[in-house]
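Chemist: For reference, the chains in residue letters:
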Amino acid sequence: MRTAVSSRFREFARPYLGVYALGLLLLFLTNGLALWIPWLLREAIEKLENGSKLSSIAWLAWAMGVVAVLQACARTASRLAILGNSRKIAHDARRSFFAQLLRLDATFYDANRTGDVMSRGINDTRLVQAFFGPGVLNLLNTTIVYVATVVLLLRIDALLTLVSLTIYPPLMFAVNRASRRVYARSLAVQEQLATISNHAQENISGIQQVKTYVQEAREIAAFRELCSEFRRRNLSMAALRGVMLSLIGIVTGVGTLVVLYVGGRFVISGRIGFGDFVAFNAYLGLLVWPTIAMGWIINTFQRGLGAMERLNEVLAAQPQDSSGFDETKVEDSADPPREVGSIEIRDLTFTYPRAGQDGHREPALKNLTLSIPSGSRLALVGPVGSGKSTLANLIARVYAAPPGTVSIGGDDLNDIPARAWRRAIGYVPQEPFLFSRTLRGNVAFVDPDADDAAVKRAVDLARLTQDLEEMPDGLDTVIGERGFTLSGGQRQRATLARAILGNPSLLILDDALSSLDADTERSVMAGLDELMRDRTSIFITHRPSTLVGMQRIVVLEDGCIVEEGSHEELLARAGLYTRLFERQRLEQGLEDL
Amino acid sequence: MSSRDAPGKAYDAKMMRRLWGYIRPYRGLVTRSLVLLFAVSAVQLVQPYLIKRVIDDQIGAAKLEGLGFLALLFLAALVAEFGLRFAQIYVLEQTGQNVVFDLRNESFAHLQRLPSSFFDRNPVGKLMTRLTSDVEALHELFTSGVVMILADLLKLFAIAAILLWMDWRLALITFAVVPPTLVLTWFFRSRMRETYRHVRAMVAKLNIELQESVSGMRVVQLFARERETLERFGETNREHERAQLLGVRYDSIFTAVAELFGSITLAAIVWAGGWGILEGWVTFGTLVAFIEYSAKCFRPVQELSQRYTVMQSAMAAGERIFGLLDTPVTIKSPPRPRRIRERLKGEIVFDDVTFGYDPDRPVLHNVSFRIAPGERIGVVGWTGSGKSTLIRLLVRLYDVQSGAILVDGVDIREYDLAELRRSVGVVLQDQFLFSGTIESNISLGDPRVTREGVREAAEAVRIDRLIQRLPSGYDEAVRERGSNFSAGEKQLLSFARAIAFDPAVLVLDEATASVDPETERGVQRALATVLSGRTSILIAHRLATVRDADRILVLHHGRLIEQGQHEELIAKSEGVYRTLYTLQNA
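From first to last, the protein sequence lines are chains A and B.
The first sequence begins at 1 in our numbering and counts up one residue at a time.
The second sequence begins at 1 in our numbering and counts up one residue at a time.
Worth double-checking, as some hints may not be accurate.
Partner residues aside, some chain B positions facing chain A, computed with beta carbon under 10 Å [stated by the list, open to error]:
hint, residue
1, Pro25
2, Leu29
3, Gly83
4, Leu287
5, Thr545
Some chain A residues well away from chain B (every beta-carbon gap over 12 Å; in silico) [stated by the list, open to error]:
hint, residue
6, Val66
7, Leu83
8, Asp105
9, Leu127
10, Gln129
11, Leu140
12, Leu152
13, Ala158
14, Ile250
15, Ile345
16, Thr369
17, Ser407
18, Leu468
19, Asp519
20, Glu563
Hints are computed from structural coordinates only; laboratory data are not their basis.
Even for Gly, the Cβ is constructed at its ideal location relative to N, Cα and C.
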């Protein structure tokens, strides 16, 4: 697992290795220049001790300034290189992740919740970015600074170096320990905040019950208790954070103390010069930040690796249907929609594939045999859970049917590229899903370059033209959560217009007109009559107005075909269809009362 | 983008005055924290001075004697800094936590008093944000806002004073670096703030795009629009990357420039100090002390502008929280309520009641009916007929738009709100158990309901045997929302709760959730006990439950269109009741 993960991310980093190398080089340069400054300081002080001329001091000051400017340039460039890389890597990873999402099929989305997928796409790529950016940068920087500084310190005085550096490991250890504990306690704080959140959410969702049973006071008391615990946990974290920050605050001072006491003695005894003394202190100061950063670096790497593993789970997943989207394949628009011949379904039994199967599941369709001639019209009727949508989903290849059970014009559906087949289909799903963009953008989803006339025609056929008047910008009204809110019926008709615009040879309506009133529905159906004259259409519906006059109706129950025939024939049979139809007629009648 | 991201005021006098009201109770803590801040600065700033003494008095004079003492002083300063800073951080956090604790509780308490219509208008998520992230943003105001700004300024002024005292000429030269640092810091920080705001906006956009693509994946795939969707996402992704790279640019330059200023100050001190040493008006100790002091003032200067951002978001959060606290409570007891001293008789009158959740779209139109004390009424209707609204009006979750509801001849708006709600026992469709014990769920923590009362109520609905079989009996814990009980058990428990108070009026919103036939029989038996001896209203979804009612009210599209006994109603051809009956038995 780990090796697969690291090789995948090596792939992501590979294009940027050159820039990383440059960044590393620049870091060497930056730190070389940074370390030069205390050295110049040392020289200046030695010159001052010897009472040399001001001009030579001024020259050294100038040199320090110039070195500082060069260092600033190198620092900027090194950060730009390495941090910039991380953003690019995160960008690439996010893109690959998204391309993979497009490739994965319904089985994946059934098994993974949207929130989880989102979290990987957003949070985990951010953690990966921290790994490749600040993580790598600080690791390189810390290593270089430590090695170089220790070498310089040793050059000044080995014993002093040894004494002053023995202070750092325990300090570092203490800071790390404290920060790890702070992290643990901050998790406890977050947990409690989540508990508070949950309590508030339950309270707000159940506010009517709370009021009806006059439970406000008790709810307030319970909330207060949770907040009290939250305060306690926060203070317990603050105590540790206080220790950590105070420790960090005195790290520099502790080094200085050693230099003062031991170094001071050395200067007085003449073992080192005063300039050495000052420079030594300055060098120790350079170690403070890298010392503190160490724990953070380890943490960043650990979390980055975890994130990569989670991302890789998605990236390595294989879609069941391998003929789906493939980013690398140049294809498509040239690939014409597949011709819709007659659809033959033979002895089809289908059980939904579920990830993490926990036992036997009932098949949704059982030994179903059905022929839909090219250019014909079919209505599917049946109680909830009878398999109507499953059948539509299999025909549209949302799920793959077992080989040899569904054929189109003589070819097994599984042998036809999924996307070429889908291009021939106009599918209007049960739940009208629209994107948060303009109405035009939604209708012209299949063909963004469609001309105005085509869009208007589709909108007109879906009987949306009149509704446009109440929208602020007509066709260019942005719809959705942060735009104009469409009614359920308008949403359904917009999705219908979207399907119509693709000029489909096969139209599937999965109970897609349920929110329309009877008049509008009749009008929509009349328009579709015209449009679908020589094309195949499948209506899943229980609306009496659609069913009356249908020549071919297939009634499903528990995944099997139980009745078949025209509306009149089925009514005459007085079976399941008649019961369903009567019920719908009564309900419709009630609505209209 | 959304208003949350817009930059706002960093200081709002009115808001601060209002906040002060919450801080006042803890002014002792605030004072202590300020004193500690002074102390921390003092022991911090004494350290460079000690270095100067070591250099001038010991090293310069080549005198070993006394070095130990100075080192000891330095150690003491370090230990004191450690201890004092720890105390300061802790005390400040205490202050912040206490203030935030009060604010959060007050907001929650106020929320409990707001009318149901408020909750219809405000999505749960938004209200949650008030209680969580907004309150947390105000917390930041304490830990890294006002007090820290004060601390930073204090430190800067103290350093300036010390430098001037040590040597005013050298101090002035050192100060020359401060204005450009301030200006550049401010310039970069404001640029960075803007860039980060842009980045945040892009992250939000990326989030939305991803969310939408994932939820609409089936549509994308059904219409074979993967490539275009990828391109669309790719564009947002690229925009996001560009915003980030701009952020990286500012961040990189800023980090480097901050370092640069440090080094340039150092160079300036070396040059001017060197001049002073050569001319004899500066000692080596002063020179080193200057270097140390100047290093200590960069941090506060740089952080000042970060604190500005914290203040900005705290002010915005405060505004939203106070907005919530200022929302008026519209449904409450009248100033001089009519007290319910004895059990009500239970007569209910709806007098020409019209009501809509949206006043322009009434869901009840001029509904009038009278229920005699002790009468058993069934209410039926198709989905959306307004059945459940009747109950909500009766217990004043909402107030009628026009008309009136009278109980025992008195307008319900004249009663004390809590007493009214306690007198009308309601069993809602959504079985709601509160966290606590079984006993507390039946007695609802009301001292008037004794332990015996709880047991009697449980016996009456025949759930006492089941309760006694639980490990802790009546003290068995009920988890959040009663997740450790079945639907049937919850229903029986809410029956027990309803009759424990012996209400004169009992309203049952029949549960649609299906329970197994065994439990169903139990519930039906319990129902008979529960209903006897009081006025009862049964909102029925299954017509079978109201067949025996004294009278059935039929609501349709918000109007009372039929009423009578089952047999009368069923006899009407083309009637709504008859149609409903046919539908249910089809």
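Chemist: The structure should be examined with respect to each hint, and the outcome stated for every one.
Modeler: Hint check:
About 14 Å separates the beta-carbon of proline 25(B) from the nearest beta-carbon of chain A, more than 10 Å, and the hint is not met. Contact between leucine 29(B) and chain A, as hinted, is not supported at the beta carbon level, the nearest pair being about 12 Å apart and thus beyond 10 Å. At a threshold of 10 Å, the smallest CB-CB gap from glycine 83(B) to chain A is about 8 Å, leaving the interface hint in force. The criterion of a C-beta within 10 Å of any C-beta in chain A is met by leucine 287(B), whose closest approach is roughly 8 Å, and the hint holds.
Because the smallest distance between the Cβ of threonine 545(B) and any Cβ of chain A comes to about 20 Å, over 10 Å, the interface hint for this residue is violated. The Cβ of valine 66(A) sits about 9 Å from the closest Cβ of chain B, inside the 12 Å cut-off, so the non-interface label is violated. With a least beta-carbon separation of about 5 Å from chain B, leucine 83(A) fails to lie farther than 12 Å from that chain, contradicting its non-interface assignment. With a least beta-carbon separation of about 7 Å from chain B, aspartate 105(A) fails to lie farther than 12 Å from that chain, contradicting its non-interface assignment.
At the 12 Å boundary, the C-beta of leucine 127(A) stays outside the reach of chain B, the nearest C-beta of that chain being 14 Å off. For glutamine 129(A), the non-interface assignment is contradicted: its Cβ lies about 8 Å from the closest Cβ of chain B, within the 12 Å cut-off. Separation of leucine 140(A) from chain B is adequate, the least Cβ-Cβ distance of about 15 Å exceeding the 12 Å criterion. The Cβ of leucine 152(A) sits about 17 Å from the closest Cβ of chain B, beyond the 12 Å cut-off, so the non-interface label holds.
Interface exclusion of alanine 158(A) from chain B stands, the closest Cβ pair being 20 Å apart, more than 12 Å. Remark: the non-interface label on isoleucine 250(A) conflicts with the geometry, its nearest Cβ contact in chain B lying 5 Å away (cut-off 12 Å). For isoleucine 345(A), the shortest C-beta to C-beta distance to chain B comes to about 19 Å, beyond the 12 Å cut-off, and the non-interface label holds. Taking the minimum C-beta to C-beta distance to chain B, about 25 Å, the non-interface status of threonine 369(A) holds against the 12 Å cut.
No Cβ of chain B approaches the Cβ of serine 407(A) within 12 Å, the least distance being about 20 Å, so the stated non-interface status holds. With 12 Å as the threshold on Cβ separation, the claim that leucine 468(A) sits away from chain B holds: the shortest Cβ distance comes to roughly 22 Å. Interface exclusion of aspartate 519(A) from chain B stands, the closest Cβ pair being 18 Å apart, more than 12 Å. Distance to chain B confirms glutamate 563(A) as a non-interface residue, since its nearest Cβ pair spans about 17 Å, more than 12 Å.
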